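Trainee: With the hints as constraints, model all of the structure from the sequences given.
Mapping to UniProt numbering: the sequence shown position 548 is 548, numbers consecutive.
Hint data in this document are derived by calculation from the structure and do not stem from the laboratory.
Fair warning: this is a prediction, and the values are worked out from it, not measured in the lab.
Honestly, I wouldn't trust all of these hints.
[As the list claims (entries may be wrong)] Below, in silico cross-link-like pairs of lysine-lysine (DSS-like), each with a Cα-Cα straight-line distance of 30 Å or less:
#: 1; residue 1: K572; residue 2: K472
#: 2; residue 1: K609; residue 2: K651
#: 3; residue 1: K524; residue 2: K567
#: 4; residue 1: K411; residue 2: K215
#: 5; residue 1: K637; residue 2: K567
#: 6; residue 1: K567; residue 2: K215
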Amino acid sequence: MPRRKKRSKVQLPEVPPFPLESASCGATTMGREMLQELRDSWVAHHRSEASELEVTEEALDGTLWERKLGLVAQQRQQMEDYLARALGTFPEGAGTRRAAAFRVRLLANKAPRAGITDIVRMAWRQDLIQVFNPFLSDTARHSVHEAVLTFLQLCVLEDKFKRIRAYAVGAVTPLLLQELLVTRQWEVRGHPQWLVIEVEGRLQIRPTQYIVAMKLIEDPGAVVQLNMGEGKTRVIVPMLVLHWADRQRLLRVTALTALLGEMFEFMQLNLCGGVLGRKVFLMPFHRDVNLDLDYVRAMHSSIDHCRRAGGVLLVAVEHRLSSQLKWHELRMKGEAALCSALSDLFAVPARELLDESDEVLRHKYQLIYAVGSHVPLPDGTDRWLSAEALLRVLRSARVLQVLNSDVAERKLSPERPEAFSRLRLLGGPKMEAACAQLYEVLAQELLETPPYELAWLSCYLSNASIRRFLTKPEASEADLPLLAPERRSVLLALRGFLACGVLRHCLEKRHRVDYGVRRSCGGKRLAIPFRASDTPSERSEFGHPDCAIVLTLLSYYYDGLSRSELKAAFRKLLECGQSAQEDLYDAWFALSSETMADEARVTVDNVSKVDLSNELQFDVLYQHFHLNFETIGFWLKHYVLPVETSQFPHKLVANAWHLADNHDGLVHGFSGTNDNHRALPLQVSQKDVPALQGTNGKMLGLIMENPEFFVLPGHGPVRWQGVLEFVAERKVDVLIDCGALTAGASNLQ
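Mentor: Here it is, written out as structure tokens:
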């Protein structure tokens, strides 16, 4: 049994020292507040009851639980037999013609006979007792209903003892202690369907799950934290569905797209396909849906049917936002009738439940409807020429001196001098301190050695106001000398990349983890956001065009060109004038020729020797030019950037604030983390329950309990190869790659 560790009545549990220092994260007011929150959670975790309990030897005796299990199973069978007799006993003797007729109907299978499923339904549908035995008095029906609840509680207890017996025999102390501490905190007569959840799911609602559910029920607008793996989706969501889906108000559960399918399958199996019989609706929506009045009326009818049937509507984030933006789009087109029909759809009284609310309400997420015809990106050529020029000077020796191992992670490829070395800036105080120097060096290098297209920049090498404008955020455009419009636009673009931090922001992202190019489909060829390692984010793109340009350049620099893309680049090169062909090809060849064998070099040392119909020669070209950043830049400037960066004159935008909007303020949410609670929409607020204050402290404690940390060498093989060697040396069976260390490697590798 659980036993509290012996200690003085007035003595509080000893709390280990807080393991984090305040030097780095406590430099700002917000940093200090966040640190104090984590410190309070650390203390709350170590003073919790569970940390002060231990399992006795008696509790580890499997035979003890075997005896208890047998006793409970016997009582459960007795209660089941009692219910069968009570529902199958009818009056006998004189004046019982109606009962005799009912028996005949039973024998002829014309009257219902109660089975175990029917008995379970009687927990919340007492009218079924009358259906299966219409001869019971009110007192008898009440007794049968009480017996049903007792029977279900015995089923839950029997399953619990089975789990405890298994944990005791296997000496799984943490899970055994957890089971022993679980007691029912709620009244089964008030929530009989919750009892059915326990029976069907072969589980028992934990006190923390009940506390979170009641917090959400009693406090509209609350967002509550509950640790990952504590049963939010599998237990609490069904509890809330059964409580809130009351046929008066629509219950809408908003989930992440990646989790929507799994949640639908779970609810369909447990709420729809089980004893509870609740209907689960999906209503996907996107911009391409061709709406008409009949379509909208059908949607309204389905939603109203869901409400009246006590069902639940599952939607993804973009489904809700897209339907709202569709109304604005139709309004701009003058579709008054459709707008009115959609308004009626939105007016259905609803209650919102946000699963994984930390991600659903993430302030970075927004859905955009582009409106109008494509227009070229303003000063687009100047923007990508500026971005390419800055990336080129990142290779200079002076820049490399600034980007030491404290502020940047760089992977040089001496065997491929034509390739762009992988680079990622690291965050932290050292990077903040080095930013000003980095911007100064980049600006100086660019003014000293500008590319051919921006050769005029060298005229301003000694102009202090130009350098200040490019590197200092506080500088003003009024400080610039009188310039031609095309030159002014280049300087503005360079200022955006340097002084305004766009270049730094892009270089802090990880390729194929935070961004990349999706090559497997025929969509946009610009870089797009990634959700995880090698996992592109569906139907999303970077909203800032300058970020999209830099990340696209970096993506192709790192990945290289495909054979078809390289052939297109050479085809475009051969369409240029003779002088331009020679100048461009000489620049490409100068980068790639160092690693060429002599016999290969003489076959492609001049642009006049390039023959795209010669596949053997093209194999040589591909081997030495597909990672050539000059070649890649040429291809991007002609085939990708002018086309893919086109903009729209207007945009319709919806974000997390629209998800949290509800006429009656009935918005509820929960998640495993609460780190972004300061950025939540004002319609909701973080209101964690006191009993769970130690959640973040528990996670910190788990990290600190890990006695072994290994730092992979920063030099040598690429990162995923270092991870592979580490795993092979220690004969690791399972690798959980939380940090995307294996990004870029295939499963075979």
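Trainee: Now look at each hint and say whether the structure bears it out.
Mentor: For each hint, the structure was consulted:
Straight-line distance between C-alpha atoms of K572 and K472 comes to about 39 Å, which puts the hinted pair past the 30 Å bound. Restraint check: the Cα-Cα separation between K609 and K651 comes to about 49 Å, which exceeds 30 Å; the hinted pair is violated. Taking the CA atoms of K524 and K567, the gap is near 20 Å; set against the 30 Å cutoff, the hint holds. For a cut-off of 30 Å, the pair hint linking K411 to K215 is broken: about 51 Å separates their Cα positions.
Distance hint between K637 and K567 is fulfilled; the C-alpha atoms sit about 15 Å from each other, no more than 30 Å. Between K567 and K215, the direct Cα distance comes to roughly 63 Å. Violation of the 30 Å bound is thereby established for this hinted pair.
The earlier numbered hints that this structure contradicts are 1, 2, 4, 6.
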